[in-house]
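Participant: So the chains spell out like this:
There are 2 protein chains.
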Amino acid sequence: MAEITAKMVKELRDQTGAGMMNCKKALAEADGDFEKAIKHLREQGIASAAKKAGRTTSEGIIFSYIHPGDKLGVLVEINCETDFVARTDDFRTFAKDVAMQVAAADPKVVSREDVSAEMIAAERDVYQNQAKLEGKPEKIIDKIVDGKLEKFYAESCLLEQAFVKDTDRTITDLLTQTIAKIGENIKIRRFIRFRLGD
Amino acid sequence: MAEITAKMVKELRDQTGAGMMNCKKALAEADGDFEKAIKHLREQGIASAAKKAGRTTSEGIIFSYIHPGDKLGVLVEINCETDFVARTDDFRTFAKDVAMQVAAADPKVVSREDVSAEMIAAERDVYQNQAKLEGKPEKIIDKIVDGKLEKFYAESCLLEQAFVKDTDRTITDLLTQTIAKIGENIKIRRFIRFRLGD
Chain A
103 MAEITAKMVK
113 ELRDQTGAGM
123 MNCKKALAEA
133 DGDFEKAIKH
143 LREQGIASAA
153 KKAGRTTSEG
163 IIFSYIHPGD
173 KLGVLVEINC
183 ETDFVARTDD
193 FRTFAKDVAM
203 QVAAADPKVV
213 SREDVSAEMI
223 AAERDVYQNQ
233 AKLEGKPEKI
243 IDKIVDGKLE
253 KFYAESCLLE
263 QAFVKDTDRT
273 ITDLLTQTIA
283 KIGENIKIRR
293 FIRFRLGD
Chain B
103 MAEITAKMVK
113 ELRDQTGAGM
123 MNCKKALAEA
133 DGDFEKAIKH
143 LREQGIASAA
153 KKAGRTTSEG
163 IIFSYIHPGD
173 KLGVLVEINC
183 ETDFVARTDD
193 FRTFAKDVAM
203 QVAAADPKVV
213 SREDVSAEMI
223 AAERDVYQNQ
233 AKLEGKPEKI
243 IDKIVDGKLE
253 KFYAESCLLE
263 QAFVKDTDRT
273 ITDLLTQTIA
283 KIGENIKIRR
293 FIRFRLGD
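Chains A and B are the protein sequences, given in the same order.
Each position in the first sequence, counted from 1, maps to that position plus 102 in the working numbering.
Each position in the second sequence, counted from 1, maps to that position plus 102 in the working numbering.
Be aware that a few hints might be false.
Each pair may be met inside one copy or between any two copies, as identical chains are not told apart.
Calculated lysine to aspartate or glutamate pairs in the EDC-like style (CA-CA distance at most 16 Å, straight line) [what the hints assert, rightly or not]:
(1) Lys154 <-> Glu225
(2) Lys173 <-> Glu183
(3) Lys126 <-> Asp116
(4) Lys253 <-> Glu113
(5) Lys253 <-> Glu225
(6) Lys153 <-> Glu131
(7) Lys289 <-> Asp300
(8) Lys241 <-> Asp192
(9) Lys109 <-> Asp208
(10) Lys283 <-> Asp191
(11) Lys173 <-> Glu145
(12) Lys283 <-> Asp192
(13) Lys112 <-> Glu257
In short, the hints are calculated from the structure, not lab data.
Just so it is clear, the structure is predicted and the values come from calculations on it, not from any experiment.
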């Protein structure tokens with residue numbers, strides 16, 4: 103089996119705009135064959151979906167989900183390129199899935215870019231002190247902290263969370279697949295979650 | 103007609119817990135007769151409603167309103183004392199009225215206590231400069247600024263806004279009347295308003 107180098111992954115990313123993990127997986131499945139990997143990404147719609155990610159999204163909908171019992175509610179804004187798509191069932195199903203995800207998994211931000219530098223510093227500080235208190239060797243503490251920070255992102259960032267209705271996929275996967283299906287760029291712009299008494 | 107003094111108004115407030123304007127009005131209508139004024143407040147349910155205002159509200163509902171077209175949505179948390187009341191139609195009608203009010207009138211905060219000192223200072227500054235630019239005499243500028251600040255509160259604070267479905271009443275009036283009708287303390291805890299692209 104051919105070795106998949108970081109250089110190869112980068113080249114494929116540059117050509118297709120697809121994510122690193124998708125490129126790595128496509129190359130592995132194509133046994134290092136570049137053309138096959140691109141074909142594979144295209145078939146999955148991932149290459150074209152990623153290319154759409156730069157396009158302006160000024161249309162969309164505001165969608166709400168109220169959990170049975172009326173003690174928990176979510177409001178989301180999902181953007182797309184045209185009002186035509188905003189009215190489709192596929193788009194609305196995606197909006198509903200996102201709103202229910204927010205209700206169930208309580209993310210704090212949409213993506214890791216939305217986590218403030220102060221918040222990251224505070225998290226790192228906690229993890230560092232934890233590792234020290236647990237008597238971990240100094241030289242591996244940075245690695246432990248990085249690992250815990252990744253876990254923090256996976257739990258707090260909506261796009262990195264496992265999709266509650268299908269935990270094999272992340273919300274980013276769901277988003278990419280929806281873009282591929284609908285054929286327009288889509289963005290989860292913002293969300294808010296009210297729980298009674300919070 | 104009897105003169106209504108500030109002292110009389112204060113005494114009636116202390117006894118009933120009703121608001122200053124309500125007490126003043128009740129005294130004027132009762133021609134200064136204290137017992138009549140109390141009776142009047144009781145009949146309107148205002149005295150007892152005000153007395154309920156101190157009671158703990160840890161139940162309630164999260165309610166959403168999505169404006170037709172799905173480009174504007176509101177999420178509100180309305181609190182009451184018991185889950186029993188939270189399930190009543192009267193309570194839900196109030197929650198819906200509040201959510202539609204937020205959608206239509208775009209308040210910034212629930213009450214004037216929620217306006218930050220910085221925001222007030224910034225508003226005062228603008229009004230002061232406006233008045234100076236318009237060449238208003240120095241000695242009346244403070245009065246002009248106070249007047250404009252009251253107008254700002256009436257527009258920005260949900261509780262002070264005119265109720266869009268009946269502009270003769272404020273949202274505070276609607277709240278007080280709903281408390282009187284339902285017989286439990288009610289609080290508008292928070293709201294959020296998403297408009298597409300905002």
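Participant: So, for every hint listed, does it hold in this structure?
Facilitator: Here is what the structure says about each hint:
1. Within a single copy, Lys154 and Glu225 get their C-alpha atoms no closer than 34 Å, and across copies no closer than 43 Å, so neither meets the 16 Å cut-off.
2. Taking the shortest Cα distances, Lys173 and Glu183 sit within 16 Å of each other only across copies (14 Å), while inside one copy they are farther apart (33 Å).
3. In the homo-oligomer, the alpha carbons of Lys126 and Asp116 lie at most 16 Å apart inside one protomer (13 Å), although the nearest pairing across protomers, at 74 Å, exceeds that limit.
4. Proximity of Lys253 and Glu113 under a CA criterion of 16 Å is satisfied in neither setting, with 28 Å inside one chain copy and 61 Å between copies.
5. Taking identical chains as interchangeable, the C-alpha atoms of Lys253 and Glu225 lie at most 16 Å apart only when both belong to the same chain, with a minimum of 11 Å there against 44 Å between chains.
6. Proximity of Lys153 to Glu131 under the C-alpha cut-off of 16 Å is found in neither arrangement, the shortest distances being 22 Å within a copy and 72 Å between copies.
7. For a Cα distance limit of 16 Å, the shortest separation of Lys289 from Asp300 across copies, 14 Å, qualifies, whereas the shortest one inside one copy, 27 Å, does not.
8. In the homo-oligomer, the alpha carbons of Lys241 and Asp192 never lie at most 16 Å apart, since the shortest distance is 49 Å inside one protomer and 64 Å across protomers.
9. In this assembly of identical chains, the alpha carbons of Lys109 and Asp208 never lie at most 16 Å apart, being 37 Å within a copy and 52 Å across copies at closest.
10. Within a single copy, Lys283 and Asp191 get their C-alpha atoms as close as 12 Å, which meets the 16 Å cut-off; across copies the closest is 42 Å, which misses it.
11. In this assembly of identical chains, Lys173 and Glu145 lie within 16 Å of each other by CA distance neither inside one copy nor across copies; the values are 43 Å within and 34 Å between.
12. Taking the closest pair of Cα atoms, Lys283 and Asp192 come within 16 Å of each other only inside a single copy of the chain (8 Å); across copies the shortest separation is 44 Å, beyond that limit.
13. In this homomeric assembly, Lys112 and Glu257 never come within 16 Å of each other (Cα to Cα): the closest approach is 27 Å inside a single copy and 54 Å across copies.
Hints 1, 4, 6, 8, 9, 11 and 13, counting from the list given before, are not met by this structure.
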